[in-house]
Each structure stands twice: as structure tokens, then as C-alpha cells.
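Participant: Below are the chains, spelled out letter by letter.
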Amino acid sequence: KAGVTQTPRYLIKTRGQQVTLSCSPISGHRSVSWYQQTPGQGLQFLFEYFSETQRNKGNFPGRFSGRQFSNSRSEMNVSTLELGDSALYLCASQTSGSGNEQFFGPGTRLTVL
Amino acid sequence: AQRVTQPEKLLSVFKGAPVELKCNYSYSGSPELFWYVQYSRQRLQLLLRHISRESIKGFTADLNKGETSFHLKKPFAQEEDSAMYYCALRLGSSNTGKLIFGQGTTLQVKP
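Line order of the protein sequences matches chains U and D. Residue 103 in my numbering sits at position 103 of the first sequence, with consecutive numbering throughout. Residue 21 in my numbering sits at position 21 of the second sequence, with consecutive numbering throughout.
If you're looking for bench data, these hints aren't it; they were derived computationally from the structure. These numbers come from a predicted model, not from an experiment. Errors might be hidden in some of the hints.
Label-pair distances were calculated between CB atoms; the ranges are [stated by the list, open to error]:
id, chain 1, residue 1, chain 2, residue 2, range
1, D, Ser40, U, Tyr10, 45 to 55 angstroms
2, D, Glu67, U, Thr7, 38 to 48 angstroms
3, U, Phe60, D, Gly29, 16 to 26 angstroms
4, D, Arg43, U, Arg73, 16 to 26 angstroms
5, U, Asn59, D, Ser30, 16 to 26 angstroms
6, D, Gln108, U, Gly3, 19 to 29 angstroms
7, D, Thr68, U, Leu83, 32 to 42 angstroms
8, D, Phe76, U, Asn59, 38 to 48 angstroms
The beta carbon of each residue, even a glycine, is placed where N, CA and C say it ideally should be.
My request is simple: use the sequences and hints to build the entire structure.
Facilitator: Written as C-alpha cells, this is what we have:
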């Protein structure tokens, strides 16, 4: 099985712009979660989508949003970028059912100038 | 509030020495805990989970609800164990994808 893929791998934007990141889960996985990883804050949960619905949400401002498509692919969008949004954004997919493992993608490195 | 604490940012040991990576959690519900590992230039991957009670690559971790801890142990460290280790707590029901991570501990195993 192919692993979780994320595109693009690297992105450079300027303050005020918006950005869309994409995540393709492992085939058959219906849950996709997004995390922000920074040196100062570590790994922080953004949100989780399951069957095209947001199932869980972290403590991030409304500038961070996401969606999931019928094929389970997910996108996250950050509007009005700030310097502090520079981070590695990871997505993870898992099957439905209890106790299942999350499989992580390689991440998208976003730099905001 | 739910929290996962890994008190050590860096743990440096010699090859063959025992290793213990500490993890403490704060959670009012029934905890489900994991250890994830990230080797250099590789993606984050699951090492082990407490419900499995298994040993992976010689590592074990026992959930101690009284001390709210889930420390990762290995009796004899190998150089290939050098990596970043994250303790994580699953929030909510057991099929949810919401994980709270600790800050991570870098394990450095010296030859």
C-alpha cells in the first residue's frame, strides 16, 4: 500500500497570503488528521476529518480550516498568513475502528516571509 | 486540562546502557497512550501503544495509572535507536484521530 502523501512538500509565502495544503490518505482510510509542528510548540493537533465531516478540532484560530472530499483526500487552508504560521504541517490517516494506528505523511514545510 | 509531559529534551547514553524515556500525562478520561518515533529524514511512525502490551525493537512501556506515567524502556541501547521519541495521548473515544503529543525527547546513543 502506498503511504500517506502530502503536496507540496515545500512552500514559501508572504504575510497576508493564503495557502492550501493537500493530503492523500492510505487507501481505505477514512480519517485524516492535521498537525502543526514547530520547534517551540512541538506537535499540535489542528483538526480531524472523517467521512467529509470535521470530527475534532484543536485550539487554532479560524484562519485555519480544512475539508475532506468523498475520496477521503483532505485539504487544509490557512488564510491571512502570519510569520508564526511557518511550520511543518503533517497529516495522518487511520482506519475507522478502535485503537487504530495513525500513519503520518512526510509533511509540508511552510515558510512565511 | 489534557497534557503530555516529556521532561527531558535530550537523553544521551552509551551503547549497551539501559534507556528510560519519561512520559507523564494529565487526563480525566480513560487514557490511551502511544510512543511514536522519528528517525533522521524519516516520517513519524508508531513504535508501540499501551493496549498492545508488546515489545517492539526491544522497547517496552507500561501504563501506570496511579503515577499517570507511560515511560519507554529498553535494557540495552543500540546506536540505531538514536532518534526523536514522542509520547502521545489519544483524546475522546478510541477511534478518534485526535492525539496530544509531548514535546519529544531526542535519544542519542553513543558508540
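Participant: Look at the Cβ atoms of Glu67(D) and Thr7(U) and judge whether their distance stays inside 38 to 48 angstroms.
Facilitator: Distance hint for Glu67(D), Thr7(U) holds at roughly 43 angstroms.
Participant: Just tell me: holds or violated, for the beta carbon distance of Asn59(U) and Ser30(D) against 16 to 26 angstroms?
Facilitator: Holds: the Cβ-Cβ distance is about 22 angstroms, inside 16 to 26 angstroms.
Participant: Could you check the hint for me, namely that Phe76(D) and Asn59(U) are 38 to 48 angstroms apart, CB to CB?
Facilitator: Given about 41 angstroms between the Cβ atoms, the range holds.
Participant: For Phe60(U) and Gly29(D), compare the CB-CB distance with the range 16 to 26 angstroms and indicate the outcome.
Facilitator: holds, 22 angstroms
Participant: Range hint 32 to 42 angstroms: satisfied by the CB atoms of Thr68(D) and Leu83(U)?
Facilitator: Holds: the Cβ-Cβ distance is about 36 angstroms, inside 32 to 42 angstroms.
Participant: Falls inside 45 to 55 angstroms, the C-beta gap from Ser40(D) to Tyr10(U)?
Facilitator: Violated - the Cβ-Cβ distance for Ser40(D) and Tyr10(U), about 18 angstroms, lies outside 45 to 55 angstroms.
Participant: Do the beta carbons of Gln108(D) and Gly3(U) sit within 19 to 29 angstroms of each other?
Facilitator: For Gln108(D) and Gly3(U) the Cβ distance comes to about 27 angstroms; the hint holds.
Participant: Holds or violated: the 16 to 26 angstroms window for the beta-carbon distance between Arg43(D) and Arg73(U)?
Facilitator: holds, 18 angstroms
Consistency note: the structure conflicts with earlier hint 1 alone.
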